[in-house]
Amino acid sequence: MNAMSAFTGVGPLVRFVLRRDRVYLPVWVLSLVVLTYVSAAAVRRTYDTPVEIASYAVNMGTSPASIAMGGPPVALREIGGILIYETSLTVLLGVALMAVFTVVRHTRKEEDAGRVELLGSTVVSPHAVITAAVLVAASASVLVGAGVTWSFLVEQQPVRESVLFGAAVAAMGIVFTGVGACAAQVMSHGRGAVGLSLAFLGVAFGLRAIGDVGENAWSWLSPMGWSQQVRVYDDNRWWPLALSLVLTAALLVGTVLFEGRRDLGAGIVPSRPGPPSAGRTLAGVVGLAWRLQRGAVVGWVVGIWSMGLLLGSFSESIQNMIEDNPTLAEYLQRAGVTNIVDSFFATSLLLLGIGASGFAVASALRTRSEESAGRVEPLLATGVSRARWLFGTLLVTLGGTTLVVASGGLGVGMSYAVTTGRSSEMWRMTGYALVYLPAVLLLAALVVLLVGWLPRASGAVWVAVALCFVVGWLGSLLELPQWAADLSPFTHVPAVPAVPADDLALGPVLTMLALAVAALAAGWVGFRRRDIG
Amino acid sequence: MSTAISISGLVKTFGTTVALDGLDLEVRTGEVHGFLGPNGSGKSTTIRILLGLLRADRGQVTLLGGDPWREAAALHRRLAYVPGEVALWPNLTGGEVIDLLARLRGGIDHRRRDDLLERFDLDPTKRTRSYSKGNRQKVALVAALASDVELLLLDEPTSGLDPIMEAAFQGCIGEERSRGRTVLLSSHILAEAEALSDRVSIIRAGRVVQSGTLSELRHLTRTTVVVSTERPPDLIGRVPGVAHVVHEDGRVSFDVDTDHLDDAMDYLAPLKITSLVSHPPTLEELFLRQFGEQVPTEEAVG
Chain G
65 MNAMSAFTGV GPLVRFVLRR DRVYLPVWVL SLVVLTYVSA AAVRRTYDTP VEIASYAVNM
125 GTSPASIAMG GPPVALREIG GILIYETSLT VLLGVALMAV FTVVRHTRKE EDAGRVELLG
185 STVVSPHAVI TAAVLVAASA SVLVGAGVTW SFLVEQQPVR ESVLFGAAVA AMGIVFTGVG
245 ACAAQVMSHG RGAVGLSLAF LGVAFGLRAI GDVGENAWSW LSPMGWSQQV RVYDDNRWWP
305 LALSLVLTAA LLVGTVLFEG RRDLGAGIVP SRPGPPSAGR TLAGVVGLAW RLQRGAVVGW
365 VVGIWSMGLL LGSFSESIQN MIEDNPTLAE YLQRAGVTNI VDSFFATSLL LLGIGASGFA
425 VASALRTRSE ESAGRVEPLL ATGVSRARWL FGTLLVTLGG TTLVVASGGL GVGMSYAVTT
485 GRSSEMWRMT GYALVYLPAV LLLAALVVLL VGWLPRASGA VWVAVALCFV VGWLGSLLEL
545 PQWAADLSPF THVPAVPAVP ADDLALGPVL TMLALAVAAL AAGWVGFRRR DIG
Chain B
2 MSTAISISGL VKTFGTTVAL DGLDLEVRTG EVHGFLGPNG SGKSTTIRIL LGLLRADRGQ
62 VTLLGGDPWR EAAALHRRLA YVPGEVALWP NLTGGEVIDL LARLRGGIDH RRRDDLLERF
122 DLDPTKRTRS YSKGNRQKVA LVAALASDVE LLLLDEPTSG LDPIMEAAFQ GCIGEERSRG
182 RTVLLSSHIL AEAEALSDRV SIIRAGRVVQ SGTLSELRHL TRTTVVVSTE RPPDLIGRVP
242 GVAHVVHEDG RVSFDVDTDH LDDAMDYLAP LKITSLVSHP PTLEELFLRQ FGEQVPTEEA
302 VG
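So the sequences go chain by chain: G and B.
Each residue of the first sequence is one higher than the one before, counting from 65 in my numbering.
Each residue of the second sequence is one higher than the one before, counting from 2 in my numbering.
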């Protein structure tokens, strides 16, 4: 194959991808840029005196929890360092997710739908589809990076630093473009490709969190770490980004090799022959839904549990830090924090709860994706009623969500139990995590409401999940008005264990449970009377 | 009960599109009923209303003596459905899907399942992801035919099958009829409906335009003949049962009722036939002739 034919058809395909994503991609890019801009402006407003900046460096820059989330504490004695420390988690994770979803959406998911076959029969080169998707996702990442640079310039930051941070963000997106492209070849369907890429992102986050907190080399094993090791406002070094580009190149070479070795519609991991007849559990709606979702349940339980373990493991260093630093202890006491370890746990459980709602919403949306794929029709043409199908499928969502939410608390508790030697902490933390369950279920119930009345719009609940994250993670920084913060169900969950369990205000939790049931019932009313398909 | 399906005045619209426009249909118990129409004429919409998947805007629908919207689940235990476009769960094997669907319908005849797998030459251990359209259709067919039900609703069930499998399918439908089961078979291929059906209803633009036994619709099953002879066949138009005669470039084309085919041949044979092509009318030709639209060459008819 010569260079000319290798790219035949890429141009029209790129235009085709851009046309299909004319809403999707601008929404991703703009949300990430706007979020960065708004956070940067808020940071500048909040830390506007030298005293405040100095105390930020002492407090946040030494807190293992903050380091685990925000990255290595670099140049926190100036406003630029604080800007990056506060904004990098959101924008780095966001750009990676955007890249993965975009690539997989235009390669593996198209292939699953049988549309690549149609394109492949026209005049395009063998790798044109993946090339077009990679080009679009990488360009979108560069756009996000440029937007981040622009936000910093607007906030009167120096050009060199602004450009370097923008480049680090773009590099993160480009690496995960490669990750998504490679995963799309390795796995034999789109959902699996997204899952593998997210697992990779989770590992990348975990490695650099361990490395940053322990101040050791683990961060260098993570592409997310490379984007942070540029140390903007301090060393201002470009070369860690070369590592990102090398990894991307390796991933893309792997993609091309894998694509050349597999058949259309198959993955490198081959599908083995399966059982010639159905086992005893595959007998009803619940059995089928469990069979379809058990992989996702196990993946999410392991993922959230690992995050819990990781977060829980920081509790010891927090305790040590307080003991070593009487000024900080005093500062926190004045700020009204009675027990810093408990408030750290409260924040951890909140973030794990919001994370778990990712499973809940994805699982509830299966009702819609199964319907639009035409797989509900043959079921409803048997003795299965609409009620049995909907509620049977959602039973797996309920059970799975409970397991995922509980596993986060269990992870935190297990770490803490090892630290303190008290095994009861495991069950205590699991119980606290479950306080978040009604809020998570409320998001899943919103999906059902939309599936009943506005099925085409049901994916919009993902926006709600993103907003819950913004409110939960950036809310206090952005100084959101109370009514806006109140829109997130997680705002109303008592912050256990920072709020003592005996004072636990069950009211809001029960209200959310009632709202979830109401949304579910309303969704059912719509679903039972509308056309299927 | 002698009527399995009875529909009158059925109307269904999607937005501004009128899918069904006052459709009437009657399927008697124990018959194989061909439901014929071109793509987009409303066959699938009718079947999906019969399954309670879509809600009728107007009209009466009775299925196995019940209301298909209100009593959907109970009625569905007594029927099996094969959709035109079969979507399956990619992770499950063909065998698992067959068992699942049959269990949800209330049980499976294992001997018949194995027999059908063999006749349709289907490997039940493969994940459905790797199946072709024809193989996905076979999965749905085996699941439907292996269930003990009164009524089979088949929506273009052979559109992905090769000719050998189509023959296997026709054999199965013959067996179903001899067991006294009712079959509603939608198709856009006239020959398929002709080979299998006791009665046929023809649907066009959301209405049934013809309904009856095949002999009642005999005039619809004319054969089209294109022939060249050494001496000009000037009098072919006078042979009984011959219509639509067109003389063109030394050839003549005409339609002839199947009953009178030998009369036409008797007339033509002494004229020394040099070439002869004949084919049954396609559904499209049939519509063009029967329902007002002009066949392009018809103006030349003498």
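The hints are simulated quantities; they were obtained by calculation from the structure and are not laboratory data.
It cannot be assumed that every hint is accurate.
[What the hints assert, rightly or not] Under the rule of at most 20 Å between Cα atoms (straight-line distance), these lysine to any residue pairs were calculated in the SDA-like manner:
#1 B:Lys-134 to G:Glu-181
#2 B:Lys-127 to B:Ala-75
#3 B:Lys-127 to G:Ala-177
#4 B:Lys-134 to G:Glu-435
#5 B:Lys-134 to G:Asp-176
#6 B:Lys-127 to B:His-111
#7 G:Lys-173 to B:Ser-131
#8 B:Lys-273 to B:Asp-199
#9 B:Lys-127 to B:Trp-90
#10 B:Lys-127 to B:Asp-115
#11 B:Lys-127 to B:Ala-88
#12 B:Lys-134 to B:Leu-118
#13 B:Lys-127 to G:Glu-435
#14 B:Lys-273 to G:Glu-435
#15 B:Lys-273 to B:Val-246
#16 B:Lys-134 to G:Glu-441
#17 B:Lys-127 to G:Arg-432
#18 G:Lys-173 to G:Arg-432
#19 G:Lys-173 to G:Arg-325
#20 B:Lys-134 to G:Arg-325
#21 B:Lys-127 to G:Arg-439
[Stated by the list, open to error] Pulled a few chain B residues facing chain G out of the computed Cβ check, cut under 10 Å:
#22 Val-19
#23 His-77
#24 Pro-91
#25 Arg-205
#26 Tyr-268
#27 Leu-272
Every residue, glycine too, gets a C-beta built ideally from N, C-alpha and C.
Hint check: 10 Å Cβ-Cβ cutoff, Leu-272 of chain B to chain G: violated, 48 Å
Has the given pair, Lys-173 of chain G with Ser-131 of chain B, been kept, meaning a C-alpha gap of at most 20 Å? holds, 15 Å
Going straight from one Cα to the other, do Lys-273 of chain B and Asp-199 of chain B come out at no more than 20 Å? Answer violated: Lys-273 of chain B to Asp-199 of chain B is near 39 Å, above 20 Å.
Restraint check for Lys-134 of chain B with Asp-176 of chain G, where alpha carbons must lie at most 20 Å apart: holds, 14 Å
For a C-alpha distance cap of 20 Å, please report whether Lys-127 of chain B and His-111 of chain B respect it. holds, 19 Å
Below or equal to 20 Å on CA atoms is what counts here, so check Lys-134 of chain B against Glu-435 of chain G. Holds, because 19 Å separates the two Cα atoms, which is no more than 20 Å.
Compare the distance between the alpha carbons of Lys-127 of chain B and Arg-432 of chain G with 20 Å, and conclude whether the hinted pair is satisfied. violated, 26 Å
Would you check the hint for Lys-134 of chain B and Glu-181 of chain G, treating anything up to 20 Å between C-alpha atoms as holding? holds, 14 Å
With a cut-off of 10 Å on the beta carbons, see whether Tyr-268 of chain B makes it to chain G. violated, 49 Å
Hint validity - Pro-91 of chain B Cβ closer than 10 Å to any chain G Cβ: holds, 6 Å
20 Å limit on alpha-carbon distance, applied to hinted pair Lys-127 of chain B and Ala-75 of chain B: violated, 32 Å
Lys-173 of chain G paired with Arg-325 of chain G [C-alpha distance capped at 20 Å]: Holds. Lys-173 of chain G to Arg-325 of chain G sits at ~19 Å (cutoff 20 Å).
Checked against the numbered hints given earlier, this structure breaks hints 2, 8, 13, 14, 17, 20, 22, 25, 26, 27; the rest are met.
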